[in-house]
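Participant: All chains should be built: construct the whole structure from the sequences, respecting the hints.
Residue numbers (the working numbering), protein chains in the order written: chain W, 6 to 143; chain L, 842 to 955; chain P, 42 to 761.
If you are wondering where the hints come from, they were derived from the structure by calculation, not from laboratory data. Treat the hints with caution; some may be incorrect.
Claimed, not checked - Looking from chain L toward chain P, a few residues come up when the C-beta cut is under 8 Å (computed): (1) L849; (2) P886; (3) D918.
None of the values given here were measured: they were computed from a predicted structure. For every residue, glycine included, the Cβ atom is placed at its ideal position computed from N, Cα and C.
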Amino acid sequence: MNPARKRTVRLVVALSAAVALASALIYTSFSVASPALSPSQLVRQAQPGRSYQLTGTVVDGSVHRQGSELDFSVEDRVGGTAIPVAYTGTVPDPFREGREVIVTVQKHPGRFVGIRDSLITKCPSKYKSAPAGEKQNY
Amino acid sequence: MEILTIVLALALLAVVIGVISAPLRGAAKRGATDGDRSHGSDPSPELSELEAAREAKYREIRDAELDFRTGKLSPEDYEAIDGALRAEALEILERIARAGGEAPGVENSAARGG
Amino acid sequence: MADLGRICLLLALLVCVYGIGASVYGARSGRVEFSDSGRRAVYALAIILTVAFAVLEIAFLRDDFAFNTVADTSSRTTPAFYRAAAVWSSQEGSLLLWAWLLSLWSSLALFLVRRRMREVAAYATAVLLGFGAFFIALMIFYATPFATTSPTPAEGVGLDPLLRFPTMMIHPPMLYSGYTLCTIPFAFAMGALLARRVDADWIRATRRFAFAAWLFLGVGILLGARWSYAELGWGGYWGWDAVENASLMPWLTGTAFLHSLMIQEKRGMLKVWNVSLVLATGTLAIMGTFLVRSGILNSIHAFGGATLGVPFVTLIAVLIAGSIYLVVSRREMLRSEHRIDSLLSRESIFLANNVVLVGLCFVIFWGTYFPLISEALTGHEASVGPPWFDRYTVPLALLLVLLSGIGPVIAWRRATLANARRNLVAPTLVALIALVSLLGAGLSGKPFAIAMFCCAAFVLGSIGQEFFRGARARRAMSGEPAPVALLALVRRNRRRYGGYIVHVGIAVLFVGVAASSSFQHASEVGLSPGKSTHVGAYKVTYVRPTATVTPRNDVAHTGSTLSLGALLDVSKRGHHVATLRPSQGYYDSGEPSQGSVGHLIGGQAVSHISMSGGVTRDVWTAIAPNISTPALQRIVTVGNRTLPPDEAEVAIGFLARAYLKDPPPAQFHLIVSPLVMWIWIGGAIVFGGGLIAIWPAPSAVRRRVAMRSRARAAHGLARA
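Facilitator: The following block contains the structure:
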């Protein structure tokens with residue numbers, strides 16, 4: 006094989022390998038990903054065994070700690086359906102009632118269980134330019 | 842608006858205009874015909890590029906020697922590579938000479954008898 | 042004074058517009074005085090923005106609450122150190138910091154090339170001023186740092202306690218320096234394409250700026266990881282969070298570029314690839330800047346409304362479209378002069394390294410933007426978590442480390458196979474010895490970690506051999522004693538040996554990462570005083586509770602009102618190892634609705650972790666005390682009812698005493714991570730090696746070398 010042909014072959018092989026790996030990557034991302042759902046969507050669509058990213062606001066008065074488990078309810082940003090979650094793992098500092106959270110949950114019979122260490126709490130408007138006169142409080 | 846603010850703003854404006862317009866005022870003073878002199882002392886783009894290529898080639902020659910001395914090349918391979926690099930370096934030096942530049946150290950080695 | 046700030050911004054925008062016009066006119070017409078004027082516009086911009094930044098910084102330090110930004114992010118009770126850093130904790134302040142750093146670095150870069158590359162530099166100036174204009178326009182029209190309210194508020198909200206950590210001072214300026222430095226090679230690449238001069242001169246200039254960007258970005262990323270680990274209550278240093286990833290991506294492409302640039306320098310090939318890498322790095326840096334402020338991706342960092350989303354998306358679209366157009370229209374000029382001589386050459390290894398780095402970047406890109414991709418493709422937003430990232434980045438990282446061990450023993454241009462094989466014996470032996478030792482020590486079950494340790498051993502063996510052989514070769518020529526020879530070797534071959542040191546640092550860093558993630562022991566447990574628990578090989582005992590009442594400043598100098606914590610004793614096999622003092626700080630919320638006492642501790646609670654760092658392991662702990670017991674709550678309610686606001690602090694003292702007398706069980710998060718310290722040590726080695734690599738040789742040495750090379754070249758011709 007002359008050198009030019011060898012180079013073409015090498016290029017084709019390399020590109021094919023890259024395409025194959027990229028396809029594997031892309032395929033697994035779709036199958037492994039957790040869809041982001043609000044509580045009302047979760048109630049309708051949740052299937053046992055799959056994990057979901059539950060996004061919403063922590064309901065006032067719903068936070069209880071039982072030993073190493075933290076129980077709280079998450080409701081839609083606009084209010085409405087509230088889902089109780091039993092969570093174990095790290096609780097971020099900003100977590101409190103009324104804050105927006107994202108927690109990865111799985112549906113178990115009768116309740117939703119939060120995956121360990123998956124709780125993220127949004128810091129209140131760190132980068133929001135507020136109109137004059139409105140203050141953010143912590 | 843406070844007086845201090847106005848004073849500082851005006852001072853800033855003066856500085857900015859001074860900084861930005863300096864080359865334009867300098868060129869106007871010298872007149873259009875002497876415009877080249879402002880960058881006559883700087884190397885032309887072609888010469889600058891050739892000098893950069895020469896530096897890179899010298900570095901390659903030194904790298905090849907270091908590769909040989911640290912045992913990565915057989916003597917035959919080193920000779921072949923070294924020869925090829927030196928030929929490429931000479932070509933660059935010739936192009937520099939044609940473009941009217943000087944290779945560093947030419948005067949010194951000539952003064953010392955080459 | 043806010044007026045001065047506003048005037049500065051307006052003046053800055055005008056200067057940018059003028060500079061762009063002058064530079065482009067100067068480049069096209071060849072009239073040098075206009076290019077020079079355009080360059081000086083950048084200097085002027087730096088002066089103006091320094092004044093603007095000073096105005097804002099002084100406002101923070103003087104507690105000038107007329108400025109909205111100051112009122113929103115600072116307060117009289119915020120310690121001075123954090124008041125100074127609060128400047129960049131807000132959207133508008135951080136935009137000013139970005140623009141200011143851009144102007145400073147651009148001024149330096151353009152000053153350094155002021156005598157050469159006139160046409161390229163002129164276009165680059167226009168691009169850089171374009172970026173400046175964009176950020177300044179954002180500040181003028183969307184998020185101004187100089188908005189004021191009247192009447193002046195008496196007190197500000199205060200800096201978010203979560204940001205009251207020392208690293209807050211240094212991480213954003215470092216990271217932003219990295220981002221802004223990435224725009225400089227980008228601008229010079231655009232300039233080179235526009236001026237049709239992608240050549241050795243461009244390589245020489247770009248390499249320096251690309252390296253500076255790489256260095257600052259890397260340090261910024263490491264500082265962020267260190268902040269996350271040593272100061273936040275989470276205990277990890279990397280979570281594959283969108284914003285972390287956004288800063289890593291330009292760093293990866295930048296690293297690839299620094300390597301492939303050497304191939305272009307030697308063989309005149311990969312020009313399209315290199316230019317694309319540089320343009321991608323700059324674009325990724327802008328995307329990283331954008332991610333934090335847009336709220337388009339859910340992350341711990343990125344929140345707030347999408348007010349800046351549209352301008353940024355437009356900018357990124359312009360950058361991508363412009364880059365593609367320029368590369369495609371100049372492709373004739375970018376054709377390769379030569380090919381790679383042989384597969385067995387250092388050029389080949391560098392090419393493989395590039396592929397791996399770009400592959401890593403692609404994986405991270407895909408995972409980070411997946412919520413947007415899946416939304417666009419399937420209509421549902423979904424995200425991938427750390428396990429997905431780990432699955433693909435770990436093997437690629439292993440490959441990267443392995444390549445950095447193979448590269449040193451392969452010669453440039455065309456290596457001799459027999460020599461290469463022989464040179465690989467020692468490193469392979471070192472790796473095998475490491476493997477056997479690790480398995481013999483009983484470490485098993487974590488194949489990837491073990492593989493990484495062996496690869497790192499391979500790298501250390503390979504590079505150690507290089508230093509040894511180099512010093513030996515030098516001694517043979519000069520007869521110097523070994524240490525002197527070693528020093529002289531490094532000094533005369535900085536790029537090569539500095540680079541080797543960088544790779545040693547990377548290997549060490551990955552050893553730390555592998556050990557601390559695979560062999561970590563963690564537990565979450567509730568403890569009462571006197572009780573103890575076990576984590577890994579350590580026994581942790583809750584000795585007694587601690588409480589600090591600090592109306593003004595607390596021990597950690599963060600301005601908390603009340604701090605409750607614990608004294609923990611850590612021992613191993615009966616021997617005392619460390620004393621840890623984690624605590625939780627409670628801050629003033631400023632909300633009267635919580636009551637006179639309630640608001641003093643009703644604000645953001647922040648965990649102050651305590652850690653015993655060591656060469657072999659870190660013992661880390663965080664505490665979440667229970668402040669909601671009936672007894673403690675009663676003190677708050679009674680205080681709310683009976684105490685007027687200016688006497689409310691008395692109740693805090695009662696709270697502290699009650700907590701100390703009868704402490705409820707507290708939740709503890711305990712982590713023992715092996716070899717974490719080596720991550721930071723590795724980073725420092727990378728930093729040092731990088732400095733050595735880029736340090737210019739003294740010009741006397743360069744002239745001597747040049748003369749000798751020229752004489753040898755002449756001899757070569759005579760012989761031939």
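Participant: Are the hints correct? Go through all of them and say.
Facilitator: Against the structure, the hints come out as follows:
1. Hint status for L/L849 relative to chain P: holds, with the closest Cβ pair at about 6 Å, below 8 Å.
2. Hint status for L/P886: holds, given a least beta-carbon distance of 7 Å to chain P, under 8 Å.
3. Restraint check, L/D918 versus chain P: the minimum CB separation of about 5 Å is within 8 Å; hint holds.
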